[in-house]
Amino acid sequence: MTITLSIIYLIASITFIFGLKMLGHPETAKKGNLIAGSGMGLAIVGTIFLNNSHVPTFVYGLILAAIAIGSIIGWLIAVKVEMTKMPELVSLFNGFGGASATIIGLVEFSKNIGDVMQTTTTMAAIIIGSITFSGSIIAWAKLNGTMNGLIRLPKYNLINNLVILGLIVFGAYMVWTGSDSQILLYALLLGALIYGVLFVIPIGGADMPVVISLLNSLTGIAAAITGILYTNMVMLVGGILVGSAGLILTVAMCKAMNRSLTSVIFGAFGGGDAVASGTKSELGEIKSSTASDVAILMNYSQRVIFVPGYGLAVAQAQHAIHELEQLLESKGVEVKYAIHPVAGRMPGHMNVLLAESNVDYDKLAEMDDVNPEFKNTDVVFVVGANDVVNPAAHNDPSSPIYGMPILEVADAKQIIVNKRTMNPGYAGIENELFYNQKTAMLFGDAKKTIQALISEIKNM
Amino acid sequence: MKILEFINDNLDLIYILILSIFIGVEVIKNIPAVLHTPLMSGANALSGVVIVGAILVMLQADPTDYVALTLGFFAVVLGILNVVGGFVVTDRMLQMFKKKKS
Chain A
405 MTITLSIIYL IASITFIFGL KMLGHPETAK KGNLIAGSGM GLAIVGTIFL NNSHVPTFVY
465 GLILAAIAIG SIIGWLIAVK VEMTKMPELV SLFNGFGGAS ATIIGLVEFS KNIGDVMQTT
525 TTMAAIIIGS ITFSGSIIAW AKLNGTMNGL IRLPKYNLIN NLVILGLIVF GAYMVWTGSD
585 SQILLYALLL GALIYGVLFV IPIGGADMPV VISLLNSLTG IAAAITGILY TNMVMLVGGI
645 LVGSAGLILT VAMCKAMNRS LTSVIFGAFG GGDAVASGTK SELGEIKSST ASDVAILMNY
705 SQRVIFVPGY GLAVAQAQHA IHELEQLLES KGVEVKYAIH PVAGRMPGHM NVLLAESNVD
765 YDKLAEMDDV NPEFKNTDVV FVVGANDVVN PAAHNDPSSP IYGMPILEVA DAKQIIVNKR
825 TMNPGYAGIE NELFYNQKTA MLFGDAKKTI QALISEIKNM
Chain B
20 MKILEFINDN LDLIYILILS IFIGVEVIKN IPAVLHTPLM SGANALSGVV IVGAILVMLQ
80 ADPTDYVALT LGFFAVVLGI LNVVGGFVVT DRMLQMFKKK KS
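Protein chains in written order, with this note's numbering: chain A, 405 to 864; chain B, 20 to 121.
Think of the hints as simulated: they come from the structure by calculation, not from any bench.
Take these hints with a grain of salt, some might be off.
[Unchecked claim] Under the rule of at most 20 Å between Cα atoms (straight-line distance), these lysine to aspartate or glutamate pairs were calculated in the DMTMM-like manner:
#, chain 1, residue 1, chain 2, residue 2
1, A, Lys489, A, Asp849
2, A, Lys515, B, Glu45
3, A, Lys435, B, Asp84
4, A, Lys434, B, Asp84
5, A, Lys659, A, Asp849
6, A, Lys740, A, Glu770
7, A, Lys515, B, Asp110
8, B, Lys48, A, Glu812
9, A, Lys489, B, Asp110
10, A, Lys659, B, Glu45
11, A, Lys862, A, Glu770
12, A, Lys852, A, Glu727
Since this is a predicted model, take the numbers as computed values, not measurements.
With the sequences and hints as input, model every part of the structure.
Okay, structure coming up:
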């Protein structure tokens, strides 16, 4: 390796650190992404052209062809993808990174037989890389609806733990014996791929973002391990950064949802038995309303707050709700959006979606700022949100979401809840809010309902 | 002791490893929930650094070892997909945030 290349790697490592730091602040995020991206570009170009190994021209041709193909596909996907599909996309890209690390491990295996340190790293790269690959692909399939629901084998926790333990023992055995068997190598690969599948299939619903974030962190670790294999500093630093930052991000997400990482992985809830909090008779009657009634109500209000949730993202109603907001504003109604940190399909997703439909930044209010405002609000319009407005988080210690910070919509004078059906939300629990005296339900698909409201208000 | 010997031989690596872990943790601490999605996508792009290893596989492969070259080729394609796709989509997301601010 030339001195120039070493310096390039050093610069790239610094851009990664600064880039990541800047990504954490709204004002500098875009620049941070560009800085980290250019550092990466520099490292890639440097690796290709500044390695003083004697490589035939056709190999360079192959490398450049591979880079061209991958770049074009990656760019096309990234430019075309809908913002609502963000969780799937991150998951898919993450899977590709994992696959890349696995392949590197497979190729390097035969070169390093006998060297305990190097075989250990190759084994680790193969195991972690393929777990992230198959896990991410399953996560992707679940998120885009190809694979529905949770699949839970009996005693899946025990099985999963045995499989991962088996993989570690298997890997250690191969290192210990200095085996050069390709059959054993591919058996290990297969085992790790299966574990990735087993790891993700029992997890569902709103826990998916946590899993993606965790898998993302694992890809970083896989990259770092391959970095050790080549004593390559930029891979080591970049990989470990993603590994530790990803883990912190995962924990932050869990906190926002009031879930612990272990309960996400080992599935304390999120499917199966719905936890009943009080019987239906206790909860009272549901009032249902019509689009024209709600339209009149909103039209003659002074202050309206929208609470968008997962249902809005799924129905792709972000543009419709922006139109409704503008229409109401033109009629002199003050409109705001109350954004729960985990609203949408992944944490922070709702901000991206509303930004996409050009909603004014000042109209998005964060939970802590908006909560005191509900009592001065005429109408709260909850669209496709459920658990984030469930009062059980405050007053029912037996509820699985007890302790989660929520939007205090019950303080408002009138609450309109748009939902497709009365089915409980992801947590599988009843929501008292729907039975509140002040609440009226407006059933229907979020997009169609909002469009109906728009045309009703326009006709007034 | 083999382990002590190993630690001694790889002291630099171990230092970098530990310090990088702390930098990663410090850098991400206290980020607003608004940025969770772009940050996850940006970090994901960064994990594509594995592409450097994929390129090394191809550079170091025996030019007649077609298996290694083919595998390396796929590793490069997948790695660069992760890198380019990740950075571009993060940029697209952040562009939207910027647009509404002005």
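For each hint, the structure was consulted:
no.: 1; hint: A/Lys489 to A/Asp849; in the structure: 18 Å, holds
no.: 2; hint: A/Lys515 to B/Glu45; in the structure: 37 Å, violated
no.: 3; hint: A/Lys435 to B/Asp84; in the structure: 42 Å, violated
no.: 4; hint: A/Lys434 to B/Asp84; in the structure: 42 Å, violated
no.: 5; hint: A/Lys659 to A/Asp849; in the structure: 30 Å, violated
no.: 6; hint: A/Lys740 to A/Glu770; in the structure: 10 Å, holds
no.: 7; hint: A/Lys515 to B/Asp110; in the structure: 39 Å, violated
no.: 8; hint: B/Lys48 to A/Glu812; in the structure: 27 Å, violated
no.: 9; hint: A/Lys489 to B/Asp110; in the structure: 16 Å, holds
no.: 10; hint: A/Lys659 to B/Glu45; in the structure: 18 Å, holds
no.: 11; hint: A/Lys862 to A/Glu770; in the structure: 30 Å, violated
no.: 12; hint: A/Lys852 to A/Glu727; in the structure: 13 Å, holds
In summary, the numbered hints that this structure violates are 2, 3, 4, 5, 7, 8 and 11.
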